[in-house]
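Q: Required output: the full structure, derived from the provided sequences and hints.
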Amino acid sequence: MTKFVRGTLPLAIALAIGGCAQKSDIEAVQATQKEILAKLDKLGADLAKVQAAPAAARPPAVDPNKVYEIPIAQSQVRGPKDAPVTITMFSDFQCPFCQQSIGIVDEVLKAYPKDVKFMMKQFPLRQIHPNADPAARAAVAAGRQGKFWEMHDELYKNGRNLSPETIKGIAEKVGLDMKKFQADWDSDDVKKQVDAELALGQQVNVRGTPSFYINGKVAQNRSVEGFKAQIDEELKGKKG
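All letters in the sequence shown, in the order written, are residues 23 to 262 by this note's numbering.
Don't read these hints as lab results, they were simulated from the structure.
Since this is a predicted model, take the numbers as computed values, not measurements.
Hints are supplied without guarantee of correctness; some may be wrong.
[Claimed, not checked] Here are the in silico distance ranges between beta carbons for each label pair:
1) 100 - 202: 18 to 28 angstroms
2) 94 - 61: 17 to 27 angstroms
3) 147 - 199: 39 to 49 angstroms
4) 147 - 96: 17 to 27 angstroms
The beta-carbon is built from N, C-alpha and C at its ideal position, and this holds for glycine as well.
A: Written out as C-alpha cells, the structure is:
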C-alpha cells in the first residue's frame with residue numbers, strides 16, 4: 023500500500039511561505055494541512071480496499087485460448103475469401119491507435135497474401151468520440167456502393183477532423199453517388215448494422231479500440247511479429 027510521509031508536509035508548507043509568518047497565517051496553514059492529511063488518509067484507505075478486493079471483483083483475465091464466434095455477416099473483408107486465417111478488428115475511426123494499427127495489418131496481409139484475410143467490425147466509442155459513429159455509418163454506406171475500403175482509408179487519414187463536411191468531401195473524393203450515399207448514411211438499416219457490430223464486440227469482450235482477434239482468439243501481441251507468431255500457430259494447426 024502507498025504510504026504518505028507526514029513529516030515532509032509541514033516542511034513543504036514552511037518553504038512555500040518563504041520565511042516567518044504571523045500567527046493567523048500559521049493557523050490557516052495548520053488548518054489546510056489537516057484537511058490535506060485527511061484527504062491523503064482517505065486516498066490511502068481507498069487504495070488498500072482496491073488492493074484487497076477479491077479476484078471476482080476485478081476484470082477477468084483474457085483467456086488466450088478462448089475462441090469467440092465472430093461471423094462475417096455484413097462486414098467487409100480484405101484478402102482471399104477462402105483464407106484459413108481471419109484477422110478481425112473492432113475499430114473506431116476517430117481512435118488514433120486504430121489508425122496506427124492499420125499499417126501493421128497491411129504489412130501482415132502482404133506477408134500472407136494467400137493465407138490471411140482481414141475483417142473490419144465497427145466499434146465507435148460514442149461517449150468519447152462524437153464523430154466515430156457518423157464515420158462508421160459512412161464507411162458502411164460506402165460499402166453499399168462497393169467503396170468501403172476506399173472510404174475506410176480516407177477516414178483514417180482524416181481521423182482528427184471527421185466533421186460531416188469532411189465525410190461528405192471524402193465520399194465525393196472516392197466517387198460515390200452522393201444522393202444514394204446520403205440516403206444510406208442516414209438510413210435505419212445502416213444504423214442497425216453499426217449497432218449490431220457494436221453489440222457483437224461487447225459480446226466477445228472488446229474492452230477498447232483497436233481490438234484484434236485471430237481466428238476468434240484475442241491477439242495478445244499487437245505488433246507485426248506478434249501477429250505473425252499467432253498466425254503461424256493457426257496455420258500449423260490447420261495443416262496438422
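Q: Give a verdict on every hint.
A: These are the hints, each one checked on the structure:
The hinted range of 18 to 28 angstroms is satisfied by residue 100 and residue 202, whose Cβ atoms lie roughly 23 angstroms apart. At roughly 53 angstroms, the beta-carbon separation of residue 94 and residue 61 lies outside the given 17 to 27 angstroms, and the hint is violated. Residue 147 and residue 199 have their C-beta atoms about 30 angstroms apart, which leaves the hinted 39 to 49 angstroms range violated. Against the hinted window of 17 to 27 angstroms, the Cβ-Cβ separation of residue 147 and residue 96 comes to about 21 angstroms, which satisfies the hint.
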